[in-house]
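Build the full structure now, drawing on both the sequences and the hints.
In the numbering used here, the protein residues as written are 18 to 966.
Do not rely on the hints blindly, as some may be mistaken.
[Claimed, not checked] Straight-line alpha carbon distances no greater than 25 Å define the calculated DMTMM-like cross-link-like pairs of lysine to aspartate or glutamate that follow:
| # | residue 1 | residue 2 |
| --- | --- | --- |
| 1 | K466 | E442 |
| 2 | K388 | D333 |
| 3 | K375 | D322 |
| 4 | K85 | D52 |
| 5 | K295 | D319 |
| 6 | K784 | E746 |
| 7 | K388 | E918 |
| 8 | K307 | E391 |
| 9 | K807 | D953 |
| 10 | K376 | E349 |
| 11 | K141 | E129 |
| 12 | K375 | E349 |
| 13 | K443 | E852 |
| 14 | K406 | E391 |
| 15 | K732 | D776 |
| 16 | K732 | D953 |
| 17 | K388 | E442 |
| 18 | K307 | E349 |
| 19 | K943 | E349 |
| 20 | K803 | E852 |
| 21 | K882 | D919 |
| 22 | K803 | D843 |
| 23 | K454 | E442 |
| 24 | K664 | E439 |
| 25 | K102 | E147 |
| 26 | K463 | D322 |
Since the hints were made in silico from the structure, they are not lab data.
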Amino acid sequence: MSAEAQCYTLVFEDTAETPSTQELRSSLEKGSDEDKLDTLRRIIVATINGNPQPTLLMPIIQYIMPSKHKQLKKLLHVYWEVCPKYDEHGKLKQEMILVVNAIRNDLQHPNEYIRGATLRFIQKISKDVELLEPLIPTLRANLEHRHSYVRKAAVFALYTVLRENESLVPDAAELMQTFLAAESDATCKRNAFVFLANVAMNKAVEWLRSVWDGIGSMDEGLQMAVIEVARIDCMGDTTHKPRYIRCMFELLNSSSHAVKYEAATTLTTLTQNPAAVKAASACFVNLVIKESDNNVKLIVLDKLDALRSRHGHVLDGLIMDVLQVLSSADMEVRRKAMSIVLSMTSTRNVEEVVLFLKKQLQRTQEQEYDKAPEYRQLLIQSIHVMAIKFSEVAASVVHALMDFLGDSNNPSALDVVAFVREVVEKFPFLRPTITEKLTATLGSIKSGKVFRGVLWILGEYVEGVSDIERAMAEVRGVLGEIPILAAEIREAEGNGAVEGGEEEGASTGQSGGRPRVLADGTYATETAYTSSAPVHSEASKAKPPLRALILGGDFFTGSVLAVALTKLVLRYDEQTSDRACANALRAEAMLIMTSVIRVGQSKFVTAPIDEDSNERILSCIQTLSELHAHREVNDMFLRDTRAAYGKMLGAQEKRAAEKKEAEGTKETIVQVDDLLNFRQFSKKSADDPINYADDLGKATGAGEVHEDFISNLSKISQLTGFSDPIYAEAYVKMHGFDILLDVLLVNQTPNTLQNLCLDFATLGDLKLVERPAVYTIAPHGFQSIKATIKVSSTETGVIFGSILWEGPGLAESCVILNDIHIDIMDYIEPAYCSESQFRSMWTEFEWENRVNVSTTMAEPRDYLKHVMKSSNMSCLTPEGAMSGDCDFLSANMYARSLFGEDALANLSIEKTETGTIVGHVRIRSKTQGIALSLGDRITMSQKDNKPPI
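Printed below as a string of structure tokens:
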């Protein structure tokens, strides 16, 4: 660790045993180099903490400054930076003349690394004009040093001096132009070019014109500087824009990924030409494929997506290249790339895209690798979207996807069921082939959820007489021998698991045991207690799949089976004239339902049938027993459920269309009589070239915020009182993932405040980027200080701190600042997800915060709107589900933070007889912070009982 770094790590250490001034002076005078190093470090720490000890300045000059020890020299630079250089009258101390002389000697030192370290130190004291003025000639002489390390440090040292006081280097532009013409080192040329561009852009462009042909072979750093200069120069009126564009085209072939990215970004801001947009997009795709860092991949994909939103038709030809990004192992990169592919898919390329995705899907089945189930699910969902959007490919993919109904990865199989259900509803001409394929795959299904989805589809869409007979035969095959209970008891008796052989005995808990010969030839005694453990547990793997589910206690699937059989029998009865076959089919269906109930009521299973499933199956039996008595009941089974599903799909499509319209993805239609925009006479429009600052602002969302003076006043936090010696207030500005604090300090005393330090600290996932500098404020003077704080997660944060300074007679004073609470709502935005995604996340997320409702509002819908407004969440429950007069309300809400964190909420409330609302809000998230913060936000908002306007 360097001496400077070691020093700063000790700033906040306990200084309870700080040695006296005399001890420190003695150590500086008589100690070894190591002792002097430790002593100087202690002095620096004390100075930073507000105890400068000015009496030690001269001993340091006497005993430390002449030393040749390199660590001491570097640490001495830190001391010169923090030590008090001015007396109580604001004049430079006489001792600093010796310091200036020592710095001049170091700038002329024969060791180039000491010269370089001293030049970097000069950048830190660039505001002290009296110190720097005698050093300028020596500083300029370092531009001609033989070593490039010294020359490049000298360039930036001059640049920092020039920024603070231009009068110290009046001929800076000519000096850098001369230096640049004679320089050969790439890094030095880059530093000088940046210097020249900030001082005299016309001279920088003039030098650039002289090296147009060699830009492609320049060093990476110099190429980046050229790109920046091109971007800045094109903000104004320049005649070199065509040459800049050609230069950006050339830099797209650079060997550096950073140069490629910046060149492509700049090219799209300089011109909207389709050829340029396509070249930049191809460069982005190439970067994503070749770059190894997943974060970089996501950033470039975001840039590509932004280009696609503005120039979609231009990028259609690159869709197969974007598909190559799916070779990445990171799932977030795959999801982002797939999202872009879905938005780029059109009728011209949909068949190629689907063919590629089907090959990828087949590959996940042939070979297992890390996150293969997640990737398979992503592919299935993407194919689902394309098949629904483009009906011409639905038939070619639906049969391929149905092979995954028996997938061991349950989410993938459920996605296939959802896809098949939507396809079979939207495309009636595919129903016969789809239902036939589903009937054939019943035997390979393992999951109860998948069985329920398939049985519902078969019950709704199997229509022909022969198709119904085939479906019934297949259901019997996956169900096994009927009645189920009697067959299981016979099997148990045959295996010797039940004594007596009667069903009543089995259900009352008899037990028995006998010796058996095992597969390896040894003997064993088997005992079964039918009242406490199902005897079918060992042989369940060999049983038909649907029978195993029912014996395992999945009676919800049994109720879905009963409903599907009821629909098939009712439809068969309508279409056939053979009453004997119709009666036989009805009797068989009723026998299956009765058998399921008897299994649930026996002690042959671990858990009895639940009341809801039992009642549902009994209602189906009653419907079939009174087949022609209630036509309206038959219509409910055969028509109303399908109509309800169709309405649900329509509501989903309407919501998706509203979301698309809200996001502004609709194409802008220009009418022939629209006004023409002249860039020279009006503000910039969306079609005008944008500069880098605008582009960055749009990327972070800052460009969409229109601030005014009144809105800024609402974000000001008062940090001190009006009667304090220093009045302080802070303007808190949210900028992407950063918080910018603009603090105004007012010296309300008639004295000069020296070495004033504004010290901030944070609580939560906040991090102070850099410590503010030390200032001197004149009597009744003002000082503006800016501080940047990084935010790393969506969690309520607190910023606190103090102000330290020296008053008359070097008396130390301190004022404690009021806390600044960071609002979590600045990082949460309403979002949308599907019902299946919401349920999946609700099950997965482990952190839950339950908030009880406490409000004087009388209407449940008003309270829902109030919660949505206060928590920035969107309602996922359709309006139709909440319409009508009802005293109960349940709604799901969803939001997403800027950091990609998901926030789920469920509101369950009811209106009491007294007119008040009771209930609760359950919030779930992946992290504890967002769940607690949102809960606190909703709790605080309940104090305001006014319904939203």
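Taking the hints in turn, this is what the structure says about them:
| no. | hint | verdict |
| --- | --- | --- |
| 1 | K466 / E442 | 19 Å, holds |
| 2 | K388 / D333 | 29 Å, violated |
| 3 | K375 / D322 | 24 Å, holds |
| 4 | K85 / D52 | 15 Å, holds |
| 5 | K295 / D319 | 16 Å, holds |
| 6 | K784 / E746 | 20 Å, holds |
| 7 | K388 / E918 | 21 Å, holds |
| 8 | K307 / E391 | 23 Å, holds |
| 9 | K807 / D953 | 23 Å, holds |
| 10 | K376 / E349 | 21 Å, holds |
| 11 | K141 / E129 | 19 Å, holds |
| 12 | K375 / E349 | 20 Å, holds |
| 13 | K443 / E852 | 19 Å, holds |
| 14 | K406 / E391 | 23 Å, holds |
| 15 | K732 / D776 | 21 Å, holds |
| 16 | K732 / D953 | 21 Å, holds |
| 17 | K388 / E442 | 32 Å, violated |
| 18 | K307 / E349 | 17 Å, holds |
| 19 | K943 / E349 | 17 Å, holds |
| 20 | K803 / E852 | 45 Å, violated |
| 21 | K882 / D919 | 20 Å, holds |
| 22 | K803 / D843 | 20 Å, holds |
| 23 | K454 / E442 | 16 Å, holds |
| 24 | K664 / E439 | 12 Å, holds |
| 25 | K102 / E147 | 10 Å, holds |
| 26 | K463 / D322 | 40 Å, violated |
The structure fails hints 2, 17, 20 and 26 (numbered hints given earlier, in ascending order).
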